[in-house]
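Given the coordinates of chain A, work out where chain B should sit on it, guided by the hints.
Protein chains: 2
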Amino acid sequence: MGSRRDFVQKMTATVLGAPLLYDRTGLKTLTDLPVDGPMLRVAIMGLGSYGTRVAKAMQTCKRAKLVGVISGTPSKIVDWQKTYNIPEKNCYNYEDFDAIKDNPDIDAVYVITPNGLHHSQVIRVAQAGKHAICEKPMAISVKEGEEMVQVCKDAGVMLLVGYRMHFEPNTLKVIHMRKAGEFGKIMFFQGQSGFKIGNPDQWRLNYALSGGGAMMDIGIYAVNGSRYMVGEEPIWVTAQETKTDPIKFREGIDETIQFQFGFPSGAVASCLSTYAFSHNDRFYLNGIKGFAEMQPSTGYGPIKGRTHEGPLTEPIVTHQTLQMDRMAEMILDGKKAEVPLDGEEGVKDLRIIEAIYKAAKKGKKIML
Amino acid sequence: MGSRRDFVQKMTATVLGAPLLYDRTGLKTLTDLPVDGPMLRVAIMGLGSYGTRVAKAMQTCKRAKLVGVISGTPSKIVDWQKTYNIPEKNCYNYEDFDAIKDNPDIDAVYVITPNGLHHSQVIRVAQAGKHAICEKPMAISVKEGEEMVQVCKDAGVMLLVGYRMHFEPNTLKVIHMRKAGEFGKIMFFQGQSGFKIGNPDQWRLNYALSGGGAMMDIGIYAVNGSRYMVGEEPIWVTAQETKTDPIKFREGIDETIQFQFGFPSGAVASCLSTYAFSHNDRFYLNGIKGFAEMQPSTGYGPIKGRTHEGPLTEPIVTHQTLQMDRMAEMILDGKKAEVPLDGEEGVKDLRIIEAIYKAAKKGKKIML
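Just so you know, the protein sequences line up as chains A and B, in that order. In terms of the numbering used here, the first sequence opens at residue 1 and continues consecutively. In terms of the numbering used here, the second sequence opens at residue 1001 and continues consecutively.
Isolated chain A (complex conformation) (with noise of 0.2 Å):
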């Protein structure tokens, strides 16, 4: 209940970068819901298993709506077409779709194939005027990555990388709460991100497509979790890789790495991520005040967690509804810098996976 000129000041302060009152979502409250405006008109590219979660959470969507289908499986489209009433002008293929660039009924288009494809399909979603939004890792090298935010900025489109933990209300909730200081000094950080993954034969398994192993796939939850639970940027990494199945996890195909960060004020991150075992879906953040453990942390699911004060009880939702809904408002309310998944931050990511495949080749700390 502060003064217009309390307002104004804390107002200046957050313009100016200094800490935020709450999150950098901007909500006055963490449940706050998207309100009604425009609907950001999207086209999926990649109609495999994740891209049908995307579309089916869409549905509920109060500010995005599926238009559009880019995929190289004729059968799949004629299939989305029926389910989600889209109009044969807004389908495309591989081969086509630079075409989309004449389409005035798309406005963004959401990447969903295997992560070695991204680079050069986020360039020519960029290349044809429309805002991209690419699953993560939002490429395979850091290289590939700076590239594609370029190309973004110069054709004055946006970039997101598909990061739904920064949209999920538990997680906003310990985000905001170490923010407030509730948990004191930051001093460890844990992320176990692992699951067993099946079928060898899967793109994931395959270098050329999916650029390495699970670190590229599910390590990177804990990766970008370190940063977001810690809110700060770690400066060293150390890594040990085990491999325990060279059948199955070729060469460049990591199968389980435990990675060690550091950051600037001392707080150290211990993490996991392996495609070996599953169980494996916790983070842990410790402060000299408080705890917050959350587990699952990261799952599709509902996300659960305790603090020292009690059980996390944030709202339930869809993380792909919340984060469509959300990256709508970014891009079409210019609420951009307010949440740290842009192109800039899927560059940070890869800059560490850089780094934690460095470590662990040398077995020695590599710094950031």
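Watch out, some of these pointers could steer you wrong.
[Said to hold, decoys possible] Here are some chain A residues pointing at chain B (derived, C-beta under 8 Å):
| id | residue |
| --- | --- |
| 1 | Q150 |
| 2 | Q240 |
| 3 | T242 |
| 4 | P246 |
| 5 | I247 |
| 6 | Q260 |
| 7 | G262 |
| 8 | G266 |
| 9 | V268 |
| 10 | S270 |
| 11 | F277 |
| 12 | K364 |
| 13 | K365 |
Don't read these hints as lab results, they were simulated from the structure. Where is the CB? At the ideal position from N, CA and C, for every residue including glycine.
This is chain B only, laid out in the frame that chain A set:
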């Protein structure tokens, strides 16, 4: 319900070192209580807070009895004599306790003094012909530990180290499940052991008495726990040390160390040892088929946890009561080899701790 022949085959397999069907305590069921038998008559050396805890716990022992004290503080001796009805002839100080060799009413001495004193004190106990129970870490170097083992062997007395978790029912339940294959192939262990240490003047922060910092006090739980939870001996170690308060944590006194192990099977472990912050008392064991999570995992109170099958529900015990009863059985009934906490086991942990310090200092993997 096997035949006699099955029984003999099982026994033979056990003798030959094959996997045991039951925990190494040799209990038929995990909740078997110690049976009556002769009492182990114990003197406690070092009447500090943990000595007091052990003395209280022994009041309900069936097989062990506090009969003597060794202390440098005469007023403490008087207090303990009153509280525990200890005769004058069983009271010693640090100068005269070698005379215990002529005292037929004391069987064993439990050394609960600062780490740096264990070596000389245990050797004097052994040379007085008494069994030695030594708080962990048993010493401050491998060299010291090996000497203690040799002296006790030469003197014909037993040397047991106070690894109380090896008697704790929920811990034994998890070890039993692991041996029975219920977690499948073991892939990962996480051990967090730490707390925020208070008074900067205590012996634990004085190198001459402690031989190190958190690692030599609370970190050893994660070291020993890695071994009994995974059921293998580590073959490599990496470690990263962080110091945020060099005034409180002086040269040689480690504040926070993250360390990692690799095991022959390919399993890995990721551990934390710290004196800088609390809410660190968790073990997590992860196999291909299931998991066990213990939180708290090594604190003095009830050990709680769950596995993929549900909550851990073994009886709650006072750890030190059960420890002293079981140690009495080991000493008086000759069960020495059944629980891994003799001097050789203590040396194994010291060897690993020395490797952790070396790995942290050199910044590279140390092979064991």
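Report task. Answer holds if the nearest beta-carbon of chain B is closer than 8 Å to that of V268 of chain A; otherwise answer violated. Result -> Constraint on V268 of chain A satisfied, holds at 5 Å.
Query raised in the report: Hint check: is the beta carbon of K365 of chain A less than 8 Å from a beta carbon of chain B?
Result: holds (5 Å)
Requested in this report: Tell me if F277 of chain A is really an interface residue toward chain B, meaning its C-beta lies closer than 8 Å to one of theirs.
Outcome: holds (4 Å)
Query - Restraint outcome when G266 of chain A is required to lie within 8 Å of chain B by C-beta distance - result: holds (4 Å)
**Report entry** Interface hint outcome for I247 of chain A [beta carbon to chain B under 8 Å]
**Finding:** Violated, about 14 Å.
Query raised in the report: Should the interface hint for K364 of chain A be scored as holding, given a Cβ-Cβ cut-off of 8 Å against chain B?
Result: Status holds, d = 6 Å.
Query - Supplied contact hint for G262 of chain A, tested at 8 Å Cβ to chain B - result: holds (6 Å)
Query raised in the report: For the hint on P246 of chain A, does the least C-beta distance to chain B fall short of 8 Å?
Result: For P246 of chain A, the interface hint is violated, since the closest Cβ of chain B sits about 11 Å away, which is over 8 Å.
Requested in this report: Have a go at the Q260 of chain A hint: is there a Cβ in chain B nearer than 8 Å to its own Cβ?
Outcome: Where the cut-off is 8 Å and the nearest Cβ of chain B is about 5 Å from Q260 of chain A, the hint holds.
Query raised in the report: Given Q150 of chain A as an interface hint, is the shortest Cβ-Cβ distance to chain B below 8 Å?
Result: violated (35 Å)
Query raised in the report: Does S270 of chain A pass the interface hint, meaning its C-beta sits closer than 8 Å to a C-beta of chain B?
Result: Given a least distance of 5 Å, the restraint on S270 of chain A holds.
Query raised in the report: How about Q240 of chain A: closest beta carbon in chain B under 8 Å, or not?
Result: holds (5 Å)
Violation of the numbered hints given earlier is confined to hints 1, 4 and 5; the remaining hints are satisfied by the structure.
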